[in-house]
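Build the full structure now, drawing on both the sequences and the hints.
Adding 2 to a residue's 1-based position in the sequence shown gives its number in this note's numbering.
Quick caveat, the hints were computed from the structure, so don't treat them as lab data.
Calculated lysine-lysine pairs in the BS3-like style (CA-CA distance at most 27 angstroms, straight line):
1. K80 to K63
2. K76 to K43
3. K63 to K43
4. K100 to K76
5. K13 to K25
6. K81 to K63
7. K76 to K104
8. K55 to K100
9. K81 to K55
10. K63 to K100
11. K55 to K43
12. K76 to K63
13. K14 to K25
14. K43 to K81
15. K80 to K43
16. K104 to K63
17. K55 to K76
18. K55 to K80
All values reported here derive from a predicted model rather than from experimental measurement.
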Amino acid sequence: MSYRTESLTRKKLEILKEMGIYKDEEEFIEEAINSLLAVRKDLRIEIACELYKRSEISLGKACEIVNVDIEEMKEILKKRNIRRNENASSKEMNEMTKEVLKIMGVCQESSVNFLGISL
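Written out as structure tokens, the structure reads:
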């Protein structure tokens, strides 16, 4: 980035802050990144795959980030030779089960008894 371009970018940011549109540089950068990711599925895929590979997010969260269903996310991981994490905690499994049951209309409550198991 040339000095002239960098200086102009910095001036634009200062004007946005002066106008009260952004309180600080961090808020501006966060919105800029979110806007970029909203239109760049390829970047969302890269981020989700890396976070998943590091075991920092679940498969469900990866799906949410990329905005795909679980089967498509599994295929994305497979194409990148990323092994699936099968080690969901019992708490995470209970939460996923509750969510599925709610979606299916089986329950409306936060406490669920399914097949004799209290979730």
